[in-house]
Structures are given as structure tokens and as C-alpha cells.
Amino acid sequence: MIRVYKHEDGATRIVESVDPAWLTAGSGVRVWVDLDQPTPDEARVLSEVFHFHELAIEDALSELHHPKVESYGDYLYLILHGIDFRASEHCFSTKDIDFFLGAQFLVTVHPGVSRSIGQVAGACSRDERILAEGPGMLLYRIVDTMVDNYRPEVEKLSETLDELENEVFEKPNPQLARRILNFKKDISSLRQIVLPQRDVIARLARREFPLISEQLAYGFRDVHDHLVRLADEAMFFQDRITGILDAHLSAVSNSLNQVMKVLTIIATLFMPLTVFTGMYGMNVPLPHLPGGDGAQFWWILGIMLAMSIGMLAYFRQKNWI
Amino acid sequence: MIRVYKHEDGATRIVESVDPAWLTAGSGVRVWVDLDQPTPDEARVLSEVFHFHELAIEDALSELHHPKVESYGDYLYLILHGIDFRASEHCFSTKDIDFFLGAQFLVTVHPGVSRSIGQVAGACSRDERILAEGPGMLLYRIVDTMVDNYRPEVEKLSETLDELENEVFEKPNPQLARRILNFKKDISSLRQIVLPQRDVIARLARREFPLISEQLAYGFRDVHDHLVRLADEAMFFQDRITGILDAHLSAVSNSLNQVMKVLTIIATLFMPLTVFTGMYGMNVPLPHLPGGDGAQFWWILGIMLAMSIGMLAYFRQKNWI
Amino acid sequence: MIRVYKHEDGATRIVESVDPAWLTAGSGVRVWVDLDQPTPDEARVLSEVFHFHELAIEDALSELHHPKVESYGDYLYLILHGIDFRASEHCFSTKDIDFFLGAQFLVTVHPGVSRSIGQVAGACSRDERILAEGPGMLLYRIVDTMVDNYRPEVEKLSETLDELENEVFEKPNPQLARRILNFKKDISSLRQIVLPQRDVIARLARREFPLISEQLAYGFRDVHDHLVRLADEAMFFQDRITGILDAHLSAVSNSLNQVMKVLTIIATLFMPLTVFTGMYGMNVPLPHLPGGDGAQFWWILGIMLAMSIGMLAYFRQKNWI
Amino acid sequence: MIRVYKHEDGATRIVESVDPAWLTAGSGVRVWVDLDQPTPDEARVLSEVFHFHELAIEDALSELHHPKVESYGDYLYLILHGIDFRASEHCFSTKDIDFFLGAQFLVTVHPGVSRSIGQVAGACSRDERILAEGPGMLLYRIVDTMVDNYRPEVEKLSETLDELENEVFEKPNPQLARRILNFKKDISSLRQIVLPQRDVIARLARREFPLISEQLAYGFRDVHDHLVRLADEAMFFQDRITGILDAHLSAVSNSLNQVMKVLTIIATLFMPLTVFTGMYGMNVPLPHLPGGDGAQFWWILGIMLAMSIGMLAYFRQKNWI
Amino acid sequence: MIRVYKHEDGATRIVESVDPAWLTAGSGVRVWVDLDQPTPDEARVLSEVFHFHELAIEDALSELHHPKVESYGDYLYLILHGIDFRASEHCFSTKDIDFFLGAQFLVTVHPGVSRSIGQVAGACSRDERILAEGPGMLLYRIVDTMVDNYRPEVEKLSETLDELENEVFEKPNPQLARRILNFKKDISSLRQIVLPQRDVIARLARREFPLISEQLAYGFRDVHDHLVRLADEAMFFQDRITGILDAHLSAVSNSLNQVMKVLTIIATLFMPLTVFTGMYGMNVPLPHLPGGDGAQFWWILGIMLAMSIGMLAYFRQKNWI
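Residue numbers (my numbering), protein chains in the order written: chain V, 2 to 322; chain F, 2 to 322; chain E, 2 to 322; chain A, 2 to 322; chain Y, 2 to 322.
Watch out, some of these pointers could steer you wrong.
To be verified - Think about it this way: if two alpha-carbon atoms lie no more than 25 Å apart in a straight line, the pair counts; the simulated BS3-like pairs of lysine-lysine are:
1) Lys319(E) / Lys186(Y)
2) Lys186(A) / Lys262(V)
3) Lys262(V) / Lys319(E)
4) Lys262(E) / Lys186(V)
5) Lys172(Y) / Lys157(A)
6) Lys319(V) / Lys157(E)
7) Lys319(F) / Lys262(V)
8) Lys262(V) / Lys172(F)
9) Lys172(A) / Lys319(Y)
10) Lys157(V) / Lys96(F)
11) Lys157(E) / Lys186(V)
12) Lys262(Y) / Lys262(V)
13) Lys172(Y) / Lys262(A)
14) Lys319(V) / Lys262(F)
15) Lys172(F) / Lys157(A)
16) Lys262(F) / Lys262(A)
17) Lys262(F) / Lys157(E)
18) Lys262(F) / Lys186(A)
19) Lys319(E) / Lys319(Y)
20) Lys319(F) / Lys172(A)
It should be emphasised that the hints constitute simulated quantities derived from the structure, not laboratory data.
In isolation and in its complexed conformation, chain V is listed as follows (with noise of 0.2 Å):
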């Protein structure tokens, strides 16, 4: 689908097609494409009306590239990923959002909706000056927007760390270590998202490209920031993380220890035991103990009580139990 937001002499409307006109120095036109999933009919606009570098609209209209940006001498080709949380898959995922930024014009292609470009789509139509701020705030304005999409499944993920890491301790069980896993891909993937794109944002922050105004590049910064920030966490989470796993290990030992106390103390009991019954199951004559006949079988079980406290004191004393 395409989508053409004109701005001229002060009005915004939404046009039919892109006139190669508009895009002369000092034509006062301001012009915002958004392609999204573009037919190859489409995407004919980027070769035959803004004649952008074969290998650029290639980028543009395959999937999985890395955040860059790269100047072209009069416009940026800018990749960035927004991000595409699918809870129920524990992984982030991203899409593709690429951006080549003129002097007069935005063009944005995506596979499929973005939330990003919606809200800022929205925004756009409903209020004239967006678009007469120029097509440089604009795209600060989207980017921006999918910065801030990426808070709330941070504050997920640090959710489910304070999860594990309180089951890991009071309720360990077999499936933890299948969350912890999946936790650290998440991880990964926050990092391998948010890294290069601070590096490409810090780069327009810097003002490498005559591009971005002095007023820009603040905003820029600011975005910068966020996303300095979101490395820092994602540094952070992985700390604690690798701590919880390390935790749960020791958890299992510890269990493992536990049950091996049980073990050893049903064996140290019952198997003297075992030993001492069979002994007077022998059928050789036995030594007769104090009393009568019918005291024999009372001062084993005695015998056998004793025997069993004496283990137990020990164990006590050991502080097994």
C-alpha cells in the first residue's frame, strides 16, 4: 500500500501519487511516502521518482538488515528495526522499518503495519504543522515513537525476572531451566536489537550528516539516550540472570544433598537394624537376656530403640536433621 502526505502552503493533504516536481530545491513542497508491504508496481516510485541507489531500494524492499544509516551525498538511508513482542514465542522479534530522508521528503517502507508509523500517521493527518516542521522532525517523531514501544516489554521482561527469581528459591521446579533459557534469548535479542540502533541514532545525534539541523540533533540525542539506557538494562538483566542460573544450579545440589541426607539416615538406621534381627532369626541356640521368655522380645525391641536414638543423636549433633 501507498500512502502520500503532501504539505503546502501550510495545508496537509493526502494525495494520490508523487509528483518528480515537488522535489526541486525551493518548491516549498514537503512530502511524506509511506510504503507498506509495496507491490513492485509500488515500489517503482523509489527508482523512477526519487532515483535511489539500486542497492539502497534493494535493502529497502528485502527483509533482515542490520540498523545503518548512510549517506548518499543529498539523502540518508536509514534501516532501524521496530520491535514486534510476541509473548506467547518468549523471543523478540523486530521488523524492518527503512527511511530515506531528503531535504524535502520522508519516504518509509515496512512489511506490514507499524504500529510506529500508525501513531505517527495518525498524528499527521489530524494536525497540519507535523508535517511543516519538515520531513527531519518527522522522522525524529517516528523514531522516537518506536524507542518508546520498546519500554513496556522491557518492563515484561524485568517482570519476569523478579518471577524467576523468586521460584528459583521458594518453588524450584524441572521447567525453570527452560524459562531461564528462554529468558536469555530474549536478552540476546534486546541487545542485538538496541545496540545498533544506538549506534545509528548516536551517529545522527553527533551530526555527522548537514541533514540534521542543530534542533534535531537534539532530539536525537534524547532518543540516544533511551536507548543507552535500554543497552544498560539489557547489561543488567544478563548479569542477573547468569546469577538466577547459577542460583538454580546450586539449588538443585542443594536438593540433591537433601536427598542423599534422607537416604543415609534411612540407611544408618534400619540397616544395623536389619542385622540385629537377623541375628536372632539364626537357628543356632541365642544367649538368653534378663527375664522371663516373653521379656526376650521386649528387651530386643528395647535393644533396637536404643540403637535407633543413638543414630539420631548423632545425626542431630551432625546438624542433618
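Given the structure of chain V, go ahead and fit chains F, E, A and Y onto it with the hints provided.
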């Protein structure tokens, strides 16, 4: 709450509001405006009197930002983190303190009471000369106090570390894993707090900004030095806690080993005896041992004792007991 | 084998040998010499016709070199690694491909058939224009093909990773450790292959060498982008395989725990019963339980059942079963 | 304590106090002031005679600072760490030594007796020429002595490491974990001490400061070389101690394995025998084995021996015994 | 021992001593002085004839220095490490070789016979042209030979690694942990040897020093390339040995698991049987099973077999056997 300290003609007074005229070069006035959890009404001074950049004001009034220093032409905008250690929760926490530094003014914004600001404000009301040294010197005093306030908390961490190290060897207990995990989180927090602030202060100490005089740079070099030391200590703590965790795992394994040795010794002692008594309990004619009928039992007991002593000697030789 | 592609006056022909006159500036000839496992005789063209530096020739003819790019004045010498994945051996392996790039010529040297060179050579014979674009463009085409050939192998790695992850939780088996180890080796190889090539291509993309035109640099920027992505994926794979190894160890520990619980439950159930039956097997007068002689056995059985049920209830409460 | 060494007209004398006139350029006097745990009264010489910067004096008189070098215009301020190894506590400890180096003076400040300063002071009183070479050369001599004093302590570490490595395999014992942990702390300390000093000396060796002559820089390059080697050794030690810890854990696991094998062998040998004897102890008519009544017992014994030998053969084949 | 090779007017001769006149610019003489474990008397040539810096001479005559290159104006001082692999001790060891390179001379100092020097010295006596190419080229030849001598030792490491990898899975044994630890030490040594030399050679290859001609720099680039490859291999080896250690730990855990399963199966099979036979050994009237007295025993045996088969079926279903 808003508090305004005004210095003019050698006298420092607390006044009600800020007069924009004071901010013109050559007015000879020096002013410190402290906004403690400002109401929207109070916050309006930032935009209406000082004309700070919109994004900077937004950052200053919201929470949770990354330490940074940014130049906006004739004033600097700094975010630093004051410590707010809540011992009960085993986690360093911090409060943003925001600074706007101009040639004639310092504006501080913070969400709730700040110990460091309080200490410097106290000194400022008692001593006329402090504000007279200029807003840069005032900034240095506040930052220096903030960094000094980290020291006692770091000492506490160091003591906890010594305790954990002792406990892991002297009286291991199942709670240790959790305490080690919590300690690791504290260390991570400390590094996350200190490192970006170290970089911010380094930029001030390197005199990247003309607002920082050489005399002031000496001061910030000193603060930087403290932060470098804190960062070093955090790294050293991390090394040590990793070692403690390894030692804990090794202690658990060793303890498991001990338990298993006890079990094995018990089983090895009593299982053959069980079989032995079992054999004498069989309902078949048994071989007659030397001596009369009464001696049979004692012969059997003797053989069993000899077997046990042999086993124990074997274990002793294997260094198990 | 030696193959020479010559382009002159808009026509590309395959010729027998290289005429040194073609290499003079202004000759208008463009030539690609491909040496596939050259005999010493064939290799002499490098020194006698092209007069390359002795050390570069030595490197080109020997194997196992580190990717690099070196300027020797009016020509560049590059070593890159083409992939040669032998699935059966679970290990990435590579073949050196050496390039000499001059203003009018490209010389490629490789030990045995190279898929990438073959693909480009095929295109080159079919399409006259390819060599017409100059030797730099030809180099770019070969390098681009080489890097594209990495992609399917990396996809295979990604699938193997998903498999391993599933197996470690669903059907753990003793062969897993070996497969994880082999996978780690593959990842290491991948990084070892990709990182130095990324750095070589980055130098071309940065236009450190005047032989690389701006148009060409756009191409190499694109290749660089692919290599950066591969390097990122290798890092991500490494993170994941580390997680899988941890999960495997945790699974083994958990399984040990389960086994031990079974053992402990069995011992705890039957050891007291053994002692109990042993007591009733003693050759001493036994206490008479309520009921007639025939009821004795059933009373004993009842007591034993009650003991077992009690034990099981205890384990249930401890969440062991 | 304050000690002043004054060199004038080729003669070195120990004098009572410092005359500010000596410090004027062209006075031809060279002076070394050594402040050993100075009283506040003695410390006043720093501010009143030498007019050092207030913050530098504060740092010099307090303890626990990070090694650094700072230029204050016509003098340098250095903090370095002398070693103070207390073998009993298994931990490197250090003492700050502070230096103020000017064109005509060297001031050293240290908290208590310093071995290195003592050695150089001794040489200085015996040999007139030492102070004649200028304060820079004196600084170099002290620093060189300080770094040389690290060597024997590092040798001790290396020996301890060899011991630990042997013990972990030859005679593992529960105290090993603690000793390994202590050793790791020592290594961390060593790195923490050496790395920042290496960087300080590197700045002197690079001649960043005009006070350091070329001749002097050769000397500091040599000292830098020693510190680089120490840092390398610390890294190497860390690698080795990590390996030793892994070996220790592996040794504990192996030992557990051995214990469990013994237990399993014992159980497997005797449990079937227990059942077998139990069967012949049942109060039901038993099948008659070949031979007379007296042969029954020996038949049973033979069967039991055969069962045991079979089990042992099975274990031998499994390589357990 | 001291050996002097002198080249003048196209002829190389071995002479007795060095004449300082040869060293003046324009003398046309080229000289190589090789000091092999020089006596103090022989070492005097360094100071008296060549007038090298006192610190450089001290370094050259003592042992155990860090690889480095230093410019002393009109000559360079280099320390490099020749390999001296003692296979029996499983540890790379190296010997310092010191070089002084001037426009007309090369001085080499080494403690005892050096294979590389020996090889080049042999070539030098046989071939007049070698010394004619100048002392720089001679240095390059020696360094190239030194680095080539690393190759076979690295191949041995690679083979050992393959062996260890096989053994860890095929025939695990308790000596493996020690061999892995020793291998790790070797790898650490290799890195410690290679990395600083790589950096030294890189400085020569970058032509930081005017004594190195462009032609010579091509040679050192080639040597640098070999060292980079060695460093890469060391890193790769380290990755692999870490993987092998993990696999070893996992193998030990798995083996423990197997042992415990055997134990559990044995206990689970025989404990119920023990109780069962115990019940029939009780001295109380037992319930009569179907059939005559003689059938009792076989009924009991049948029940016991049925119980065992049931247990085994349970274990089979749990995939334990």
C-alpha cells in the same frame, strides 16, 4: 518546593522568585534555584525565566534518566545520580539530580529531599562566600558531596563480602545462595551507577566545556578520581563474589561427597553382615563351628566383628574415615 | 589451470595468454586472469607478466593465510576465505582465494574449484558488460557471491541449534554433549572466518585505497553490512549454545536428582519393612497380636501396609511424588 | 617526620628546613623533602613553602588514592603504590606514596616507613652524585626500587600456584577451595595495583610532561616494561588459577563417582545374596539340592560364590574395578 | 662466544673483532655481531664500541624481558622471544633474543644456542649476498625464521587437542583433567608469547622507524601476518579446550548418573524381594498358597519373578535400561 539563593554585592540572601534581569551578563548577580519535587507551576520558571530547551526541561521533570552532560550553547545540562541505599531491600537505588549550569546561575531539580543538596544548601546559608565563588564551584561542591555519600555504602558492601566469605566455609547454609545472588545484584547496580557518572565527570574534568574554569577542572579531576576508585572496587567485588559462588558450589559438592561416604561405609559394613546372619537363619543343616552349642553364637559374633574391623581398616587406608 | 578473460572494444573474449602490453595505462583493455590450482609454470605469469611483489606471490601460492588487504602501490593484494562447509565433519572449512586488483586487471588465485568464482565466470562469459564495468566491479561481484554463499550454511546452523535446544529438554541423551561441543567448534570457526573478512571489506568500503571508486564503495558497504550481520549472528549463536550447554548440565543434574529420589523412596519404604519381618522371624517368643493364629499374618500385613502408606503420604507432602 | 636533603655546589647535606629561596629558578640548589607520616605542623611546608594546590595536598595527606599523575603547571603530582605484602593474611596490601616533582625539588609523602624510600635515602646520603642528577632522576630511582620490590612477592605467588596445582591432583583436601579463593583475591589485588601504575608510568615514559627529559624517559620506559610484564603475569596467573579451580571441581566429581561405584558394587553383590539366604530361611518346605543334608549348606554357599563372581566379572568388564 | 661477520666490497668474512671505524657513515662496511651467552669481557663491546644506552645493555644481558622495540635515535633495540618447546614438560618456554639494529650493523645477543640464529648464520657464511642486503634484511631473515619455528609446535598442539577431544568421549579417564589443565597452560603461554611479539612486529611493519625501508616493511607485514594467524589459532584452541573441559564435566556427571541408575535398579529389584522372603520366614502361621506343600516354594519363586519382571518393565518404560 522552590528555593532561590541570590548573591549580590557580597551578600547571599534567600529570595522569593527569580528576576530575569539578574541573568544578563554583567549584572554581577549569582543565583542558585533549587527545585525540590516542583509543582507544574513552580517548574514553569525553567521555561519562562531561563528559557531552557524543551527536551531538557522534559528530562529534568521526569525520572529515571541516564547520567549525561549536554551543552546547549550558553548553559550545560547535567543528570547525575545521588545514592539512596535501602539496606532492607539489598539493592542500591538512586535518585536523579538534574543540573542547569550557566555563567551566573545554577538550577537544580530533584524528586524529593536530597541529602547532598541539603548539606550544601546548609553551608550556603551559613557562609556568604560559597555562592560568591560562582555557580560552577557550587556545582562542584554538590557533586563532591554526592560522591562522598557513596563511600559508607561501599564500606558496608565490603563488610558483607567478608561475612559471606567466612560463612561459606565456616557455616554453610541454604540461605547463602540467595544472599550471594542479592549481593551480585548490588554490585551490578553499583557499577551501573558509577560508570556513566565517571564518564560525565571526566568530560567536565577534561574541560570540554568553556564554562568549566581550570581551577574548577582540578576539583572535578579529584571527583573523577574517586569515581574511578569506586568503579575499581566494584570490579574487585565482582571478582570476589564470583570466587565465593564457586567456593559455595565446591562446598556443596564436598558436603555431598561426605554424605555419600557415610552411606557407603554403612552399606559396606552392614550388607555383608545381613547376608551372614541370613545364612545362619536358613532352614538347612548348618555347619557346626568349634566349641559347644552355646559357643556358636559367640563364634558368629566374633566373625562378624572381624569382618567389620577389616572393612573399617580398608576405609581408613583409603582415607575415608 | 589458467583462464584469461579479455575485454576490448566492448567485446569479452577468452584468450590463451596475457600480453604485457595490455597492462599499460590507456590500452583500453580489461583483463581477468583466473589461476585455479596453478602449476609452477602457470604461476610464472604473476612474476613475469604482472611483476607482483615476491612475498605476495609466495602467499598467493601457499595455503592457509589470514584474510588481509595490502596495497603495493599501483595494485592491491587481497586474501579472502570462501566457505567450504563439509556437513559430514561438522566443521566449517574455508579455501583461500587471493586477488590482485589493478586499474586494468584482476588476478584471482585459488587452490581448486571455487563455487563463487565459477558463478561469476559463467556470468562473465554470457554477458559482455560485466568485464566492461572494470576489474573493481568484477572483484565486488565475486566477493558478494562469496558472502552470499555463507547464508545457507548459517541457516543450517540455526536449525541445528533449534534441534539441540528441543532435544536437551525433550529427549536428553548421552550423545548430546558431543554434538554441543561440535556445534561450538562450528561457531568458533564461523567467527574466525567472518571477523577478519569483515575488517578487510570495511577497509575497502571506507575507500582507504584510491583504486576503489565511490560507486564501488557503495557495493562494498553492502557486503560489509552482510558480514556484520553474520558476525552478529555468530555471537548470538554462541550465547545460545552456551545457554544450551548450561541447560544440558542442569538437565543431567535434575535427572540425577530424580533417580536419587526413586532410590530414597524405595529404601525408605522397604528398609523398615525388612526390619519388621526380621523381628517376626526371630527365634524368641513373639507377642501375640489380637485374633487367632490365622489372623496373625494378616495383622502383620496390615501394619506393613499402614507403614508404607504413611511413608508415601510423607513423600507426597514433601512433593517428591 | 621530615627530612630535607639539599644539594648545592656538588655537596649533599641533610638540613633542618626548606628555604623558599632555594626554589627560585637559577638558585642551583636541588632539594628532596621526605615527609614520613607528617604531623599537621610538618605538613604545612607543602602549602607555605611549596604553595602546592590545596586539593593535591589534601590527597597527599589522606590515604587510599588511585595511582595517577597530574600536572599543575610547573610541578607534577604523582600517586604510586608501594607493595606491603603481609603473607599471613594472604593479601597484597599497598601504601600510597605521593610525589611532587618540580624542576629543582622532589617532595615525597608517605604514611609510615617505606622500604623503597629508605633504600634510596641511604644511597643518597652515601653518594653525593645522586641528588646532583636532579629530582627527576631521584624520582626514577625511587620508582624503579618500588617496582623491583614487587618481584619477590610475585615469585612467591608463582610457587604457591605450583603447589596448589600439585595438591589438587595428588592430595585433594577440603581446605583447597579456601586456599584457591584466597589466591584469586591475591591475583585480583595484584592486577588492581599494577594496571593503574603501568598507565601512570606510561605517561611519564611517553614524555607527556616537559619536566621529564629524554634521558629520564628511557628510564621510565624500562620501569614501564617491568610493569607490563607484571600485568601479563597476573593475567597468566588468573588463567591458571581458573584452570585449577575447574580441576578441583572435576576432582571432587570424580571422587564422588568413585564412592558411588563402591556403593553400587557392594549393593549389587550383597542384595541378591540377602534375598537368596532369605528364601532358604522361609518357613515352607524347600527344594532339596543334590547330595545329603550336610551338602545343602555347601551347595548354597557355592551358588552364592558363583553369583558374586559373576557380578564381579560384569563390573570388571564395565571397567568399574 | 662472540662471532663477527663483516661485509665489505662484496665479500663476507668472519673476523675477530669490531673496528669502530666501520660504523662511521659512508664506510661501506656492514657488520653482524652475534653474542652467544657473552662473558662480561665480550659484552664490553656493546658499550665500548657501539656506545649503546646503559639501560638497553643491561636489559640485553639479563633475562626474561617483555618483547618490545625501542628507538634510541640512530639505532633500534628489539627484544623478541624464540620458541624453546620442551614437550616433556608440557609447557612452551622461550628464550630472549635481543637485537640492536643500526644503519650499518646488527648486533644479536642471546643466552645460549639459538636455532634460528644458527640457521641464518649458516646461510650467511655460505652466501655472500645475504649480508650485502644490509642489516635490516638480516634482521628480517632471523625474525622470519623464528616465527616459522613456531609452526610445528602449534601443529603438535592441534593434534593433542584432537586426541583429548576423542578421549573425553571414547575412553574417559581420571588423568584427563590434569592433561586438560596442562594444555590450557600451554595455550596461555602461546598467547603470552605471540601477542606482544605481534605488536612489536606491527610497529616495524607500519614503518614507525626510518631505519626500516619500504621493501623491508613488506617483509615484516608478512611476518606480522603469521603472528596474527598464530594469535587467532591460540584463541581458537582456547575456545576448544574450554569446550572439552565442559564436555569432560558433563561426561563425569553422565557417568555418575549411569552408576546411580544401576544402583537404583538393583535396590528396587531386590528390596521388595527381601521383604517378601522375610515375610515367609516369620515365625507365625503363614497363609497356604494353592497346591501341596511342595508347590509352596515354586509359587513364591513365581511371585518373586513376576515382581522382578514388573519392575524391569517399569524401568524399560522410563528408558533407564
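Evaluation of the provided hints:
no. : hint                  : verdict
1   : Lys319(E) / Lys186(Y) : violated, 47 Å
2   : Lys186(A) / Lys262(V) : violated, 33 Å
3   : Lys262(V) / Lys319(E) : holds, 14 Å
4   : Lys262(E) / Lys186(V) : violated, 32 Å
5   : Lys172(Y) / Lys157(A) : violated, 38 Å
6   : Lys319(V) / Lys157(E) : violated, 55 Å
7   : Lys319(F) / Lys262(V) : holds, 22 Å
8   : Lys262(V) / Lys172(F) : holds, 17 Å
9   : Lys172(A) / Lys319(Y) : violated, 40 Å
10  : Lys157(V) / Lys96(F)  : holds, 23 Å
11  : Lys157(E) / Lys186(V) : holds, 19 Å
12  : Lys262(Y) / Lys262(V) : holds, 18 Å
13  : Lys172(Y) / Lys262(A) : holds, 17 Å
14  : Lys319(V) / Lys262(F) : holds, 14 Å
15  : Lys172(F) / Lys157(A) : violated, 31 Å
16  : Lys262(F) / Lys262(A) : holds, 11 Å
17  : Lys262(F) / Lys157(E) : violated, 47 Å
18  : Lys262(F) / Lys186(A) : violated, 32 Å
19  : Lys319(E) / Lys319(Y) : holds, 22 Å
20  : Lys319(F) / Lys172(A) : holds, 12 Å
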